[in-house]
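Use these hints to put chain F onto chain D, whose structure you have.
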Amino acid sequence: MTQYLIRRLIQSVLTLFVISIILFGLISSVPGGIMSAYEENPDFSAEDIARIEAKYGLNDPVPVRYAKWVMNILKGDWGNSFVSKRPAIQEVKDRLPNTLILMGSMLVVTLLIAIPLGIISAIKQYSLFDHISTTIAFAGQSLPVFWFGLMLIIIFHVTLRRPDGRPLLPGSGMVTLGAPPSLGDRIEHLILPVTMLALVSAAGYMRYLRSSMLDVIHEDYVRTARAKGLRERMVLYRHALRNALIPLVTLIGLDLPSLFGGALFTETIFAWPGIGRLYFNAALKTDYPVVMAVLLIYSALILASNLLVDIFYAVLDPRIRYS
Amino acid sequence: MKNTLLRLTFRRFLRHRMAVVGSIILLVIVFLIVFAPFASRYDPFEQDLLNRFQPPSAQHWMGTDDLGRDMWARILYGGRISLSVGLLSMAVAIVVGSLVGLLSGFYGGWVDSILSRITEIFLSIPRLFVLLALGMFLRSLNLPYVKAGSFAPIAFVIGVLSWMSVARLVRGSTLELREREFVVAARMIGATNMRLMFQHILPNVFSPIIVSATLGLAGAIISESGLSYLGFGVQLPTPTWGNMLSNTQNQMMIAPWTVIFPGLMIFIVVIAINYMGDGLRDALDPRHFTRE
Chain D
1 MTQYLIRRLI QSVLTLFVIS IILFGLISSV PGGIMSAYEE NPDFSAEDIA
51 RIEAKYGLND PVPVRYAKWV MNILKGDWGN SFVSKRPAIQ EVKDRLPNTL
101 ILMGSMLVVT LLIAIPLGII SAIKQYSLFD HISTTIAFAG QSLPVFWFGL
151 MLIIIFHVTL RRPDGRPLLP GSGMVTLGAP PSLGDRIEHL ILPVTMLALV
201 SAAGYMRYLR SSMLDVIHED YVRTARAKGL RERMVLYRHA LRNALIPLVT
251 LIGLDLPSLF GGALFTETIF AWPGIGRLYF NAALKTDYPV VMAVLLIYSA
301 LILASNLLVD IFYAVLDPRI RYS
Chain F
1001 MKNTLLRLTF RRFLRHRMAV VGSIILLVIV FLIVFAPFAS RYDPFEQDLL
1051 NRFQPPSAQH WMGTDDLGRD MWARILYGGR ISLSVGLLSM AVAIVVGSLV
1101 GLLSGFYGGW VDSILSRITE IFLSIPRLFV LLALGMFLRS LNLPYVKAGS
1151 FAPIAFVIGV LSWMSVARLV RGSTLELRER EFVVAARMIG ATNMRLMFQH
1201 ILPNVFSPII VSATLGLAGA IISESGLSYL GFGVQLPTPT WGNMLSNTQN
1251 QMMIAPWTVI FPGLMIFIVV IAINYMGDGL RDALDPRHFT RE
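One line per chain: the protein sequences are D and F, in this order. Each residue of the first sequence is one higher than the one before, starting from 1 at the first, in the numbering used here. Each residue of the second sequence is one higher than the one before, starting from 1001 at the first, in the numbering used here.
Bound conformation, chain D alone (with noise of 0.2 Å):
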């Protein structure tokens, strides 16, 4: 095991190493270099342009920036915004939280959603209510996230209202502006966002989970399991449930890449200033530094959260057994 975790680990660590390499070349091969898109920029002579590119090595091979760049991450230092002159990492580390809590609270109502419904889907097969539930699955699937998040705007901001003539819902934001801080006020501008998000994803693990249990149902130890005369609640819930999870916590661990874009998506709408919408502002002013930090520090937690689902799965399912 433990011999099998240090393999995954270098594995881990050698893919990071690539995909950095991918990335760098990505950003090199902009015909004319990075300083292109200043060219049309009347505060830049053509000067100006070549004496930075000389002063910060632009015009060196591309291997040499790219060791000059690895090795200044090492050291903590990923550069500064083309934007705001603050370091990149600052950038990040300062809208991570906002981020953190967005796609945390996203996942607990996708939880709370998907499970009950999927458990109860999978018991009534073919019910009225597995029926309707799977159908409304089905088109959440095919829902694009960002149009279902303007027509939440539109509903619940815009034309609902309270009867104090304000809207039903904030449709922006992390707070008021202006109003005092309480939890009630954050709490509000959480429910669009987590909303849009949490629909759209619970269908798909709904889904998910829907078929896991009801191929769990049908193993023998559940027949076991009701041949020596447990309860039915006991059957479905310490028998099937557990094992039907399993595959939901990998599906939930290689999701992150569409979790982290489902999020881009939200943050842009609803102005919520996380790590979705710094990128989605670098990227509209070719920001390069941030652009690379997000990107690196995205596909790291993506391959981190991959080695978790592996060690996770060894602990939980004793049947596998790795060499």
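One or more hints might be untrue.
What follows is a set of in silico ranges between Cβ atoms, one per label pair, in the way DEER data are often shown [as the list claims (entries may be wrong)]: (1) L183/D to Y1107/F: 58 to 68 Å; (2) E1181/F to A314/D: 45 to 55 Å; (3) K68/D to S1116/F: 27 to 37 Å.
Which stretches of chain F does chain D cover? Using the computed rule of at least three CB atoms under 8 Å from a CB of chain D, they are [unchecked claim]: (4) 1113 to 1122; (5) 1128 to 1138; (6) 1214 to 1228; (7) 1244 to 1257; (8) 1265 to 1271.
In short, the hints are calculated from the structure, not lab data. Small disclaimer: the values here were computed from a predicted structure and weren't measured. In this text, a Cβ means the ideal position worked out from N, Cα and C, and glycines have one as well.
Coordinates of chain F only, in the frame set by chain D:
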């Protein structure tokens, strides 16, 4: 009786009611899009600033947008681009994925190790974020053969980032088929590796490929719309269902129809394609037991 297998498959497909409904809806939409000039009296690019933000009416079925352009006309022409991008990126994903899967499943060994590692790398990158970075590139690139609003590069990029599931699927099937008698027999009578792969194995993997192509098409349409919505996909004024939605957020109050209709089209088309894929899976693989 000719084509009995095809007929059987078709009959199984017809049994999936939602798949049939989805296919019909899709056919109608494709028909309208192809014959767009006959389905709408308006030019999708013609601005009419005196008639901005007209609500849906007998003249303008879906209203007009911020420049007074007819929404229905733009939906139809935008559909051409959205569906073309979807088809093109799906084709790229299928070709790359099948090739990678076929090679790594057939040869095994170090070929398989390398290709599987590459697949893993593509699976561990934050897809939307990389798409945005590539979109940022394509926007700043002034390629001589890429005109403003051209959709081929973005379609290609989406395809290159979404072949992995196809590769895994094809690899799995190839591993199993490689050992089957008919392949071994073909090898014994001296068939080349190329012939074994493309003549004997590939046709047997067609069913799962077709199913994942359908689902991939739906995914590609969603990807394009999201990317164009954020402003990194197909560029305005060329309409797509995605970029018609960008910058509509501040019009919601006065012209909600500009936000509702383009997204509704994406939703309808994607759900229709997904149901079709579901039906195809049931029809093409009788062993597959759907629990839907």
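Hint by hint, here is what the structure shows:
1. As the Cβ distance of L183/D to Y1107/F is approximately 59 Å, the hint placing it in 58 to 68 Å holds.
2. Checked against the hint of 45 to 55 Å, the pair E1181/F and A314/D fails, with Cβ atoms roughly 37 Å apart.
3. Take K68/D and S1116/F: their Cβ atoms lie about 32 Å apart, and the range 27 to 37 Å holds.
4. Under a criterion of three residues with beta carbons nearer than 8 Å to beta carbons of chain D, the stated coverage of the region 1113 to 1122 of chain F is upheld, 3 such residues being counted.
5. Closer than 8 Å: that is the beta-carbon criterion, and the region 1128 to 1138 of chain F has 9 residues meeting it against chain D, so the requirement of 3 holds.
6. Judged by the Cβ-Cβ criterion of 8 Å, the region 1214 to 1228 of chain F is covered by chain D as claimed, because 4 of its residues qualify and three suffice.
7. Closer than 8 Å: that is the beta-carbon criterion, and the region 1244 to 1257 of chain F has 6 residues meeting it against chain D, so the requirement of 3 holds.
8. With 4 residues carrying a beta carbon less than 8 Å from a beta carbon of chain D, the region 1265 to 1271 of chain F meets the three-residue requirement, and the given coverage holds.
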